[in-house]
Amino acid sequence: MKVTIDGQEIDVEPGTTILQAARMIGGESVPPAMCYYSKLKGTGGKCRCCLVDVTKGSDNDPRPMPKLVASCVTGCQDGMEVASKKSERVREARNAVTEFLLINHPLDCPVCDQAGECDLQNLSFEHGKLQQRFIEDKRTFEPENIGPYIQLHMNRCIVCQRCVEVADQLTDGRVHGVLNRGDHSQISTCVSAAIDNEFSGNMIDVCPVGALTDKTFRFKSRVWFNKPFNAHRDCDKCCGKTTVWMFGNEIQRVTARKDEYHEVEEFICNTCRFDKKEVSDWVIEGPRKFEKDSVINQNNYTRKLDKVVINTEKGILEGREIDRKKISMAEIDYNEKIDGTNINSKKNG
Amino acid sequence: MGRKILLDKINVPGIKTYEVYRKEGGYASVEKALKKMTPDEVVEEVKTSGLRGRGGAGFPAGMKWSFIDKKSGKPRHLVCNADESEPGTFKDRYLMEYIPHLLIEGMITSSYALGANLSYIYIRGEYMWVYKILEKAIAEAKTAGWLGKNILGSGYDLELYVQIGGGAYICGEETALIESLEGNRGNPRIKPPFPAVQGLWQNPTVVNNVETIAAVPWIVNNSGADYAAIGIGRSTGTKLISASGNIKNQGVFEIDLGLSVYEFMNSDEYCGGMQTNRPLKALVPGGSSVPILPANLIYKTANGEDRLMTYESLSDGGFATGSMLGSGGFIVYDDRACIVRNTWNFARFYHHESCGQCTPCREGTGWLEKVLWRIENGQGREEDIDLLWSIQSKIEGNTICPLGDAASWPVAAAIRHFRDEFEYHVRFPEKIKNRDHFVAEPFEKVKHLVAKQTV
Numbered sequence: 001m002k003v004t005i006d007g008q009e010i011d012v013e014p015g016t017t018i019l020q021a022a023r024m025i026g027g028e029s030v031p032p033a034m035c036y037y038s039k040l041k042g043t044g045g046k047c048r049c050c051l052v053d054v055t056k057g058s059d060n061d062p063r064p065m066p067k068l069v070a071s072c073v074t075g076c077q078d079g080m081e082v083a084s085k086k087s088e089r090v091r092e093a094r095n096a097v098t099e100f101l102l103i104n105h106p107l108d109c110p111v112c113d114q115a116g117e118c119d120l121q122n123l124s125f126e127h128g129k130l131q132q133r134f135i136e137d138k139r140t141f142e143p144e145n146i147g148p149y150i151q152l153h154m155n156r157c158i159v160c161q162r163c164v165e166v167a168d169q170l171t172d173g174r175v176h177g178v179l180n181r182g183d184h185s186q187i188s189t190c191v192s193a194a195i196d197n198e199f200s201g202n203m204i205d206v207c208p209v210g211a212l213t214d215k216t217f218r219f220k221s222r223v224w225f226n227k228p229f230n231a232h233r234d235c236d237k238c239c240g241k242t243t244v245w246m247f248g249n250e251i252q253r254v255t256a257r258k259d260e261y262h263e264v265e266e267f268i269c270n271t272c273r274f275d276k277k278e279v280s281d282w283v284i285e286g287p288r289k290f291e292k293d294s295v296i297n298q299n300n301y302t303r304k305l306d307k308v309v310i311n312t313e314k315g316i317l318e319g320r321e322i323d324r325k326k327i328s329m330a331e332i333d334y335n336e337k338i339d340g341t342n343i344n345s346k347k348n349g
Numbered sequence: 001m002g003r004k005i006l007l008d009k010i011n012v013p014g015i016k017t018y019e020v021y022r023k024e025g026g027y028a029s030v031e032k033a034l035k036k037m038t039p040d041e042v043v044e045e046v047k048t049s050g051l052r053g054r055g056g057a058g059f060p061a062g063m064k065w066s067f068i069d070k071k072s073g074k075p076r077h078l079v080c081n082a083d084e085s086e087p088g089t090f091k092d093r094y095l096m097e098y099i100p101h102l103l104i105e106g107m108i109t110s111s112y113a114l115g116a117n118l119s120y121i122y123i124r125g126e127y128m129w130v131y132k133i134l135e136k137a138i139a140e141a142k143t144a145g146w147l148g149k150n151i152l153g154s155g156y157d158l159e160l161y162v163q164i165g166g167g168a169y170i171c172g173e174e175t176a177l178i179e180s181l182e183g184n185r186g187n188p189r190i191k192p193p194f195p196a197v198q199g200l201w202q203n204p205t206v207v208n209n210v211e212t213i214a215a216v217p218w219i220v221n222n223s224g225a226d227y228a229a230i231g232i233g234r235s236t237g238t239k240l241i242s243a244s245g246n247i248k249n250q251g252v253f254e255i256d257l258g259l260s261v262y263e264f265m266n267s268d269e270y271c272g273g274m275q276t277n278r279p280l281k282a283l284v285p286g287g288s289s290v291p292i293l294p295a296n297l298i299y300k301t302a303n304g305e306d307r308l309m310t311y312e313s314l315s316d317g318g319f320a321t322g323s324m325l326g327s328g329g330f331i332v333y334d335d336r337a338c339i340v341r342n343t344w345n346f347a348r349f350y351h352h353e354s355c356g357q358c359t360p361c362r363e364g365t366g367w368l369e370k371v372l373w374r375i376e377n378g379q380g381r382e383e384d385i386d387l388l389w390s391i392q393s394k395i396e397g398n399t400i401c402p403l404g405d406a407a408s409w410p411v412a413a414a415i416r417h418f419r420d421e422f423e424y425h426v427r428f429p430e431k432i433k434n435r436d437h438f439v440a441e442p443f444e445k446v447k448h449l450v451a452k453q454t455v
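One line per chain: the protein sequences are D and X, in this order. If you're matching positions, the first sequence starts at 1 in full-length UniProt numbering and goes up one per residue. If you're matching positions, the second sequence starts at 1 in full-length UniProt numbering and goes up one per residue.
Chain X extracted, bound-state conformation (with noise of 0.2 Å):
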């Protein structure tokens, strides 16, 4: 049974209201770092537990924090990324959708941590209904004397506001938000100066993820070094996964970092083994933008070691056999998953959300997206699988904002390890004319078509 810290309170009878949470034992943090902790002490223990952004980039909390600029004598900003966008990743909206305080307050502890007196909740637009339960919770803890002047008479003011994006998968990258919060339109800022010199109008800012923040109370309440003692290595604490796709289980787990992928994917703690019983053909661990897994890499590495739940396992080897943990949205294909049509999805996506600011991405991702719905549709030729891998490789690492490499490394994966599958797209246009091509007949069953016609 894993260990609960994110959703210990999850199915308490009532938790999205204040008197519930606080019955329950919420806002210690508050009280704790207000009266007993200054703020650098809580910033050493959130450096000392190891956390780190849980938004994708996996970058140490706790350092990000250490680089806000406190000497320029500016106003410094919390912001909250809840603008969580990407395929396959629901994870911040269940924490926000059923125990909202906890956001709450580990927003409250983490501005004072900053020294931030104006913190932000930025949520994506398609989020109107949790919009409102924040606001409502906010508004409690308002009441309750949790947020305002001078809380709990410790001489610090805090004022939290939810602001609602327009909609936009981009918003969701740290300098776009930031513009977009501003109210401009949400392009990228090119880095440096990073927010944390030159962030919300132009002051220090921390801009994290939702889970990130919702991790702190549980690491001032008990310590830094507790927290860090869950997981393994870098790998430290608990991570939510958003699982979906063709297994038993699907929904949001809270899971130990270090837990290993097929304990995962079959125990019926979590994901519970393949639907109906199908073989495992693939899988995306960490959200739509990270490399997809053949099966042969998904439970064990390159070097056959066990693949773990852990940043570093899940990219063992780089990308020729390795991906990302990313923002744990664990995507499950089985045998009758059609790889092109996928990679295909994921290019439209990133071509309609791409901002346009930078050539290889305006241009580029529109151009794999046509290339591979050609394809898909039985109008593929030969050369443009290798067209294909051209192009993503132009995008890779020049673009702005990373967008660009979530863009292609999707596509660089699905040719590496199923090529195969995009030849017979290719030479076989009659039969892939049939959307649901691969169902009745799994790619396994017609892959020695495309052998034989190699030979």
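Okay, chain D solo, but in the shape it has when bound (with noise of 0.2 Å):
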């Protein structure tokens, strides 16, 4: 089938949304998604970021759909085309979504532990506004302890419930999900349950904000401090393949590794994620590669960097040079007077 994405025609199979073919093309077409995750099934159509503008239908039905409608979830058409970042209606909806996430979700960016890998973070540099129109206060939670390794923080949640679906298809026993209706919604254990569930981990890597993050990396390290690593384990519960983040020798946290979109390319266990923290349990395997304008990359050891010669002492002694010269009495005419005019032309000596 051949679908055509902001004037980008490409094949695809039959079953193909327009979310995962605009992926296939890549690039500034590709629509931003805080509730799909291509690893979890049932994800998708809950955060109205992907809304696209589908101007033509297919070749069999040109009309276009009425409603601005959720790729993640809408299927592909022989001759459909699709408007993306190209279109006014579609720019707007994103804003608008953005600016309702960021009405109850804490900027606390500088304290949490997502900043510098956070979806939303990355949709309000594109979508947000710089004036915030909420005034009224905002909504909070009282703190939960969900757990020995997961730490929920209620007021960044904005309901994805990517998690739940990991609860749903990862674990047995699930003890988690969600509460309450409307913006009451909360992520929560049953009857105060603890989630200590073998895969539960991998919760903390689905979740596009700070909501849930690791207890056992909490307030360690900013991640752009941080030199991620891929790395190996043999593994008897998960692949064991993961990316360690070291600060110095130390390995202070532990991920699954995730792809350009942010999603993690295999799940693994706790084991691996929290218990594994010796550098001498891994197999190093080298430097973990990131898009070029993420945060992460500030602190970027991957790349070939173009040498920088400094010349301290030369820099130093330029100054003083001038300096010098100033100071010395030798290149003064002893008859000049304050005003500039000579009283004798001759100069000293």
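Since the hints were made in silico from the structure, they are not lab data. Note that the structure is predicted; figures quoted are calculated from it, not measured. Be aware that one or more of the hints could be misleading.
[Unchecked claim] Chain D is faced by these chain X residues, among others (derived, beta-carbon under 8 Å):
{"hint": "1", "residue": "Arg185"}
{"hint": "2", "residue": "His351"}
{"hint": "3", "residue": "His352"}
{"hint": "4", "residue": "Glu353"}
{"hint": "5", "residue": "Ser354"}
{"hint": "6", "residue": "Cys358"}
{"hint": "7", "residue": "Pro360"}
{"hint": "8", "residue": "Glu363"}
{"hint": "9", "residue": "Thr365"}
{"hint": "10", "residue": "Trp367"}
{"hint": "11", "residue": "Lys370"}
{"hint": "12", "residue": "Leu387"}
{"hint": "13", "residue": "Lys394"}
{"hint": "14", "residue": "Gly397"}
{"hint": "15", "residue": "Asn398"}
{"hint": "16", "residue": "Ile400"}
[To be verified] Dumping the calculated SDA-like pairs for lysine to any residue here, alpha-carbon to alpha-carbon at most 25 Å:
{"hint": "17", "chain 1": "X", "residue 1": "Lys370", "chain 2": "D", "residue 2": "Glu92"}
{"hint": "18", "chain 1": "X", "residue 1": "Lys191", "chain 2": "D", "residue 2": "Arg63"}
{"hint": "19", "chain 1": "X", "residue 1": "Lys70", "chain 2": "D", "residue 2": "Gly15"}
{"hint": "20", "chain 1": "D", "residue 1": "Lys138", "chain 2": "X", "residue 2": "Asp386"}
{"hint": "21", "chain 1": "D", "residue 1": "Lys85", "chain 2": "X", "residue 2": "Ile190"}
{"hint": "22", "chain 1": "D", "residue 1": "Lys67", "chain 2": "X", "residue 2": "Asp316"}
{"hint": "23", "chain 1": "X", "residue 1": "Lys191", "chain 2": "D", "residue 2": "Ser38"}
{"hint": "24", "chain 1": "X", "residue 1": "Lys370", "chain 2": "D", "residue 2": "Leu179"}
{"hint": "25", "chain 1": "X", "residue 1": "Lys370", "chain 2": "D", "residue 2": "His184"}
{"hint": "26", "chain 1": "X", "residue 1": "Lys191", "chain 2": "D", "residue 2": "Val73"}
{"hint": "27", "chain 1": "X", "residue 1": "Lys370", "chain 2": "D", "residue 2": "Arg133"}
{"hint": "28", "chain 1": "X", "residue 1": "Lys191", "chain 2": "D", "residue 2": "Glu92"}
{"hint": "29", "chain 1": "D", "residue 1": "Lys56", "chain 2": "X", "residue 2": "Ile190"}
{"hint": "30", "chain 1": "X", "residue 1": "Lys370", "chain 2": "D", "residue 2": "Phe141"}
{"hint": "31", "chain 1": "D", "residue 1": "Lys56", "chain 2": "X", "residue 2": "Pro402"}
{"hint": "32", "chain 1": "D", "residue 1": "Lys129", "chain 2": "X", "residue 2": "Glu382"}
{"hint": "33", "chain 1": "X", "residue 1": "Lys191", "chain 2": "D", "residue 2": "Pro66"}
{"hint": "34", "chain 1": "X", "residue 1": "Lys191", "chain 2": "D", "residue 2": "Asp61"}
{"hint": "35", "chain 1": "D", "residue 1": "Lys67", "chain 2": "D", "residue 2": "Gly15"}
{"hint": "36", "chain 1": "D", "residue 1": "Lys289", "chain 2": "D", "residue 2": "Tyr261"}
{"hint": "37", "chain 1": "X", "residue 1": "Lys191", "chain 2": "D", "residue 2": "Glu81"}
{"hint": "38", "chain 1": "D", "residue 1": "Lys41", "chain 2": "X", "residue 2": "Trp201"}
Here a beta-carbon is modelled for each residue, glycine too, at the ideal position from N, C-alpha and C.
Hints are included, so try docking the two chains, each in its own frame, into the full complex.
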């Protein structure tokens, strides 16, 4: 099937969604996604960030779709034409969703562990406004302990429900889900149960914001101060392929490896994630690369850098030479008056 | 005198019981359908009747039935949507409470038409007493042989159950209802696939409103053509209207579609005119989710034609000059009503009832309510009116299900038609601090203050 997104045509298999097709094309036309997660079934359609304008339904039925559609759950049709970033309606809708997401999300990026790898930060960088129109009190939740490894900060949650899908699909004996309705919806555990399943740590990785963070890494470092390396170990529970985040020779955090859309390549177990923090536990494969505009690249050491030569001595002395001349009386005519006229044109000596 | 189809026998003493209902000719449609008609013939009759879904959307019922996937070989289901929760709408409760066997008869005939052997009535949690009435009626029908195996020796089997919801408005949305019926959180599903292809337990399913299903026995007993002869154009048959507000006669009325709004409002048979003869200020014709109409657009459309109680006439001119027939929740306001407070009240409801699944509805409905609350409580700012307009426009059309639209339309219509009242609230906060600010001094009397300030 042929699909055109923002003027770029691509052939896709039947059953491909518009978002998947856009990701195959890549670049700026790829809609942002906060709730869709290709590795988890049943995700998508909720956050409404990925809305696109279908300007032509298909070759058989060329009528445009009246409403914007969620690209992550809408299948491609042969001959379909889609406007993503090129559509004014789409941009407006994404701006609106960003504004809605930020009205109750606290702007505590300076202390949030997700800062630097937060999808909402990226979304608001592109679609956010400088001024906020929401002047009411933000909605807040009481802190809640949901277990030894995962810190729940419900105030930051955008109810994308990815973690609920992780609980549903990767763990047995599910103990958490969504409680309440509307903007009172909250991720919580059933009657103070703790989340301690062996694969529960993946909830941290799928959370697009800082609502679920790693208790073993909390406040240890900003992500851009860490050096991420691909590493692996023999694990009988999971693939054992991870990214280890190091500060010097210390492994501060272990995560699953994520692709360019911030989705994990393979889910990992809690033992790898939380218990293996010694360098000797891992075979380090090499530095992990990130997209070039990622804040993690602030500390990039994988790209080739230009050699910087700093002539320290020369730089320091350069100023001094000028100053030395200024304070030396040797070059000054002692007959020179303050106003610049000479009493005697002859130089001293 | 209007024709009665649904409420014809409502005043017969003891009609709630099986014996009286049967004596009055009840269950004749089941006999006729099972003995003399094929399922497809029943579907055709409903198609011919032009019956449109009475839950609010007004989608042709026969067409919906014809979408059901018969080729899949999967079991099919009929689900009756009795989750009536819209403020101002209380017609289904009336039917179920006073003539429960009519719904059960409709369920059996409709299930037969669809080839469904397992059907449900999903009723809202607050209607517990109605649930008990239905349970009793189903037990009576089963004892009499209208439910169970091999009904009337036709070889057709049907089991019918009543399921109580948890009391959530969102469960009136058909896919959320199905999710709830399956035992999940009542979140709407993303369509497609539509329930007619993948509904309850992934099986082909039709979800119809109580009133829609209750109309089927009459259509089968008489004919689709007879039903289509009632009403005007594509608005065929009769409709239950639950009228409330500042009118003399509040209650549930059955009208022929096509009756003029003026006659419905003012004839003694129906609303009987305005309560205490105060001037009419506004009307919500189809339940709280539809746009409010100002007095000058209630009896006449924008073209000056008589406004009729039909799907088409009430929506004439789009939302700029029209509204919707919706679920038939007819709410009338006299000149003492405060439109801002009313809008806030509706917004509060939709904020409370939003399922929270998608962003614009989850966050936007709360924002709307908070801004409206401030305006109504004398803390509004000039820019808040445009802010409200902006918020509602960003919710509308961008959500998974129509609840977002239902939350945004009343706000948009209130600002469109009563903007000066919002401005009055913002400019004269000290005057509106009294919660009954327009009771003693209707807005019409103080309207000039807004105009003076504008000049």
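Taking the hints in turn, this is what the structure says about them:
1. Arg185: Check passed: Cβ of Arg185 (chain X) comes within 7 Å of chain D, closer than 8 Å.
2. His351: Nearest chain D Cβ about 6 Å off; hint holds.
3. His352: Status holds, d = 7 Å.
4. Glu353: At about 7 Å, which falls below the 8 Å cut-off, the nearest Cβ of chain D leaves the hint on Glu353 (chain X) intact, so it holds.
5. Ser354: holds, 4 Å
6. Cys358: Cys358 (chain X) check passes; min Cβ-Cβ to chain D is 5 Å, inside 8 Å.
7. Pro360: holds, 6 Å
8. Glu363: holds, 4 Å
9. Thr365: holds, 7 Å
10. Trp367: Given a least distance of 6 Å, the restraint on Trp367 (chain X) holds.
11. Lys370: With a minimum Cβ separation of about 4 Å from chain D (threshold 8 Å), the hint on Lys370 (chain X) holds.
12. Leu387: Holds, because the Cβ-Cβ distance from Leu387 (chain X) to chain D comes to roughly 6 Å (cut-off 8 Å).
13. Lys394: Status holds, d = 4 Å.
14. Gly397: Holds - the Cβ of Gly397 (chain X) comes within 8 Å of chain D, reaching about 5 Å at its closest.
15. Asn398: Since chain D brings a Cβ to about 6 Å from Asn398 (chain X), closer than 8 Å, the hint holds.
16. Ile400: Where the cut-off is 8 Å and the nearest Cβ of chain D is about 6 Å from Ile400 (chain X), the hint holds.
17. X:Lys370 <-> D:Glu92: holds, 23 Å
18. X:Lys191 <-> D:Arg63: holds, 18 Å
19. X:Lys70 <-> D:Gly15: holds, 23 Å
20. D:Lys138 <-> X:Asp386: holds, 21 Å
21. D:Lys85 <-> X:Ile190: This hinted pair holds, its Cα atoms lying about 23 Å apart.
22. D:Lys67 <-> X:Asp316: Satisfied, since the Cα-Cα distance of roughly 21 Å is no more than 25 Å.
23. X:Lys191 <-> D:Ser38: holds, 19 Å
24. X:Lys370 <-> D:Leu179: Roughly 22 Å separates the two Cα atoms, so the pair holds.
25. X:Lys370 <-> D:His184: Distance ~14 Å between Lys370 (chain X) and His184 (chain D) Cα, so the pair holds.
26. X:Lys191 <-> D:Val73: holds, 9 Å
27. X:Lys370 <-> D:Arg133: The hint holds at about 13 Å.
28. X:Lys191 <-> D:Glu92: holds, 23 Å
29. D:Lys56 <-> X:Ile190: holds, 21 Å
30. X:Lys370 <-> D:Phe141: At roughly 18 Å apart (the allowed maximum being 25 Å), Phe141 (chain D) and Lys370 (chain X) satisfy the hint.
31. D:Lys56 <-> X:Pro402: holds, 24 Å
32. D:Lys129 <-> X:Glu382: holds, 21 Å
33. X:Lys191 <-> D:Pro66: OK: Lys191 (chain X) and Pro66 (chain D) at ~15 Å, within 25 Å.
34. X:Lys191 <-> D:Asp61: The given pair, whose Cα atoms are some 18 Å apart, holds under the 25 Å limit.
35. D:Lys67 <-> D:Gly15: Satisfied, since the Cα-Cα distance of roughly 21 Å is no more than 25 Å.
36. D:Lys289 <-> D:Tyr261: Given that 25 Å is the threshold and the Cα spacing comes to 13 Å, the pair holds.
37. X:Lys191 <-> D:Glu81: The hint holds at about 20 Å.
38. D:Lys41 <-> X:Trp201: Holds, at roughly 17 Å.
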